[in-house]
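Undergrad: Sequence:
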Amino acid sequence: MRIEDIKFEQKASQRIYSDYMKRIKKATASLSKISQDDIYMEFNSHIFEAIQHKSQANEIDSLLDIIEKLGAPEEVLKPLVADKKLEQATRTFNPVHVFKALVLNFTNGISYVFFFVLYLFLFGFVFLIFAKIINPSLVGLHMKDDSFSVFVLGIMSQEDKIKNHTHEVLGYWFIPAMLLAIVVFYFLITLLLKFKKSINQKTLS
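So the numbering used here is basically just the index in the sequence shown, starting at one, shifted up by 4.
In short, the hints are calculated from the structure, not lab data. Glycine is no exception: its CB is placed at the ideal position from the N, C-alpha and C atoms. Honestly, I wouldn't trust all of these hints.
[Stated by the list, open to error] List time: in silico DSSO-like cross-link candidates among lysine-lysine, alpha-carbon distance up to 30 Å: (1) 30 with 73; (2) 167 with 104; (3) 104 with 165; (4) 167 with 136.
[To be verified] So the derived label-pair ranges between C-beta atoms look like this: (5) 15 with 42: 26 to 36 Å; (6) 122 with 9: 22 to 32 Å; (7) 151 with 42: 50 to 60 Å; (8) 74 with 177: 54 to 64 Å.
Build the full structure now, drawing on both the sequences and the hints.
TA: Listed below in structure tokens is the structure:
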């Protein structure tokens, strides 16, 4: 989609405007092309309409005043970009999008920190599957010999097994169990993110 840039009479004004719009493009670079264009068009329209209503004779002063009120794109667009990534993640169920959404929203509240920890667990399960393939005798669900309490989920040397009186209980079922855990955690995180997004929308409305 071709978006027409605003034309200014003074070169300095054009330069200030172009620099500001470039910063908007840079701040939204992680989003889809459609989302980038929507945000760019929204800011562009806002500047154009504000310029029309400015009665100041000095074009540069008018533009600087508008840009100052809009704020620095790097800061103003942070929550908007994070919300857009979250929307993309909950729509596509793509793990890359979900992870990016969590990273972008990490500082937006304690709930996202919780989601981030859950996602680290998910990637931990993926790591354990590969570790099990490489070192099948060392990786597994290790439990105490004299109880049903889990001692270690992960890698444990033979020396540590003997020292702590543990044994691996899942054997060849370890990888299927981790795959099941990955599926459960993934859908749980994504559904919780969708639920969180719906709460945010209700709060804003």
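Undergrad: If you check the beta carbons of residue 15 and residue 42, does the distance land in 26 to 36 Å?
TA: 29 Å, holds
Undergrad: Does residue 136 lie within 30 Å of residue 167 when you go C-alpha to C-alpha?
TA: Distance of about 21 Å is within 30 Å: holds.
Undergrad: So the hint says 50 to 60 Å: do the beta-carbon atoms of residue 151 and residue 42 match that?
TA: 58 Å, holds
Undergrad: Compare the distance between the alpha carbons of residue 167 and residue 104 with 30 Å, and conclude whether the hinted pair is satisfied.
TA: 41 Å, violated
Undergrad: Using the beta carbons of residue 74 and residue 177, state whether their distance is inside 54 to 64 Å or not.
TA: The hinted range 54 to 64 Å holds for residue 74 and residue 177, with Cβ atoms some 57 Å apart.
Undergrad: Within 30 Å, alpha carbon to alpha carbon, are residue 30 and residue 73?
TA: Between residue 30 and residue 73 the Cα gap is close to 19 Å, so the pair holds against 30 Å.
Undergrad: Do residue 122 and residue 9 keep their Cβ atoms within the hinted range of 22 to 32 Å?
TA: 43 Å, violated
Undergrad: Within a Cα-Cα threshold of 30 Å, do residue 104 and residue 165 meet the stated pairing?
TA: Violated - the C-alpha atoms of residue 165 and residue 104 are around 38 Å apart, more than 30 Å.
Comparing the model with each numbered hint stated earlier shows that hints 2, 3, 6 do not hold.
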